[in-house]
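Q: Next come the chains, spelled out residue by residue.
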Amino acid sequence: EAEVAQSPRYKITEKSQAVAFWCDPISGHATLYWYRQILGQGPELLVQFQDESVVDDSQLPKDRFSAERLKGVDSTLKIQPAELGDSAMYLCASSPPTGRDEQYFGPGTRLTVT
Amino acid sequence: AQKITQTQPGMFVQEKEAVTLDCTYDTSDPSYGLFWYKQPSSGEMIFLIYQGSYDQQNATEGRYSLNFQKARKSANLVISASQLGDSAMYFCAMREKGTYKYIFGTGTRLKVLA
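Protein chains in written order, with our numbering: chain A, 174 to 287; chain B, 396 to 509.
Source of the hints: derived by calculation from the structure; they are not laboratory data.
Everything numeric in this text was worked out from a predicted model, so none of it was measured.
Glycine included, C-beta positions come from ideal geometry on N, C-alpha and C.
Treat the hints with care, since some could be wrong.
Per label pair, the in silico range of CB-to-CB distance [to be verified]: (1) Glu225/A - Ser475/B: 28 to 36 Å; (2) Ser475/B - Val227/A: 36 to 44 Å; (3) Gln253/A - Ile441/B: 25 to 33 Å; (4) Thr501/B - Gln223/A: 37 to 45 Å.
With a cut-off of at most 16 Å between alpha-carbon atoms, the simulated EDC-like pairs for lysine to aspartate or glutamate come out as follows [said to hold, decoys possible]: (5) Lys496/B - Glu217/A; (6) Lys496/B - Asp236/A; (7) Lys496/B - Asp230/A; (8) Lys492/B - Glu187/A; (9) Lys496/B - Asp424/B; (10) Lys492/B - Asp247/A.
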């Protein structure tokens with residue numbers, strides 16, 4: 174069964190350092206999403222791609238966060254510099270071209286900033 | 396403004412009983428999709444069920460059904476014949492077709508008792 178892949182699964186970094194997360198969506202899924210989920214809360218959408226184009230990045234803190242999906246397949250989310258408040262789970266999801274926009278999620282990357 | 400409200404932070408249900416998880420939403424977009432996702436303690440978000448705003452019938456997927464009341468802007472999830480493996484966080488979500496906005500509620504933690 175096809176799955177969304179994410180790496181690393183866990184990341185510990187010091188504040189002010191740079192950190193990057195990688196996501197490979199399910200083959201054939203043109204829509205890709207990055208979410209941040211703080212423990213005990215619902216996911217918050219950071220950025221959405223349709224192929225290689227950004228559809229929505231209104232909630233992305235652009236002074237420190239960046240995201241790219243250069244060839245419209247896999248994607249990277251970067252934080253530079255990391256802050257203590259960035260500690261969270263970062264989830265990647267993709268949607269098939271069904272028109273429903275249901276999302277299939279990867280296992281996530283748990284980030285701890287010390 | 397787009398909003399999802401889940402008023403039940405936690406619910407208990409006896410094994411083999413049915414349970415209803417509440418979700419209300421607000422949107423000005425006439426075209427939207429409503430979703431329920433399950434997040435077990437392992438962390439991975441799992442898509443359960445979808446309801447389109449123009450769908451005439453309530454959605455069903457196995458033991459899951461969505462009680463869609465458009466005039467009341469509610470989209471409650473009904474789980475029939477609860478199983479121990481149903482213990483998890485459940486999130487209601489909405490996608491506006493016009494703005495591509497995708498938001499999640501705060502979740503309901505369900506505990507199934509043996």
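Q: Do Thr501/B and Gln223/A keep their Cβ atoms within the hinted range of 37 to 45 Å?
A: violated, 27 Å
Q: CA of Lys492/B to CA of Glu187/A, is that 16 Å or under?
A: This hinted pair is violated, its Cα atoms lying about 40 Å apart.
Q: Glu225/A and Ser475/B, beta-carbon distance inside 28 to 36 Å?
A: For Glu225/A and Ser475/B the Cβ distance comes to about 43 Å; the hint is violated.
Q: Between the alpha carbons of Lys492/B and Asp247/A, is the straight-line distance 16 Å or under?
A: Measuring from Cα to Cα gives roughly 24 Å; hence the hint is violated.
Q: Is the hinted pair Lys496/B and Asp230/A satisfied, with a Cα-Cα distance of at most 16 Å?
A: holds, 10 Å
Q: Assuming the hint says 36 to 44 Å, is it satisfied by the Cβ distance from Ser475/B to Val227/A or not?
A: holds, 41 Å
Q: Please check whether Gln253/A and Ile441/B have a Cβ separation lying inside 25 to 33 Å.
A: With Cβ atoms ~32 Å apart, the hint holds.
Q: CA of Lys496/B to CA of Asp424/B, is that 16 Å or under?
A: holds, 11 Å
Q: CA of Lys496/B to CA of Asp236/A, is that 16 Å or under?
A: violated, 22 Å
Q: If you draw a straight line from the CA of Lys496/B to the CA of Glu217/A, is it 16 Å or shorter?
A: holds, 11 Å
Of the hints listed earlier, those the structure fails to meet are numbers 1, 4, 6, 8 and 10, in rising order.
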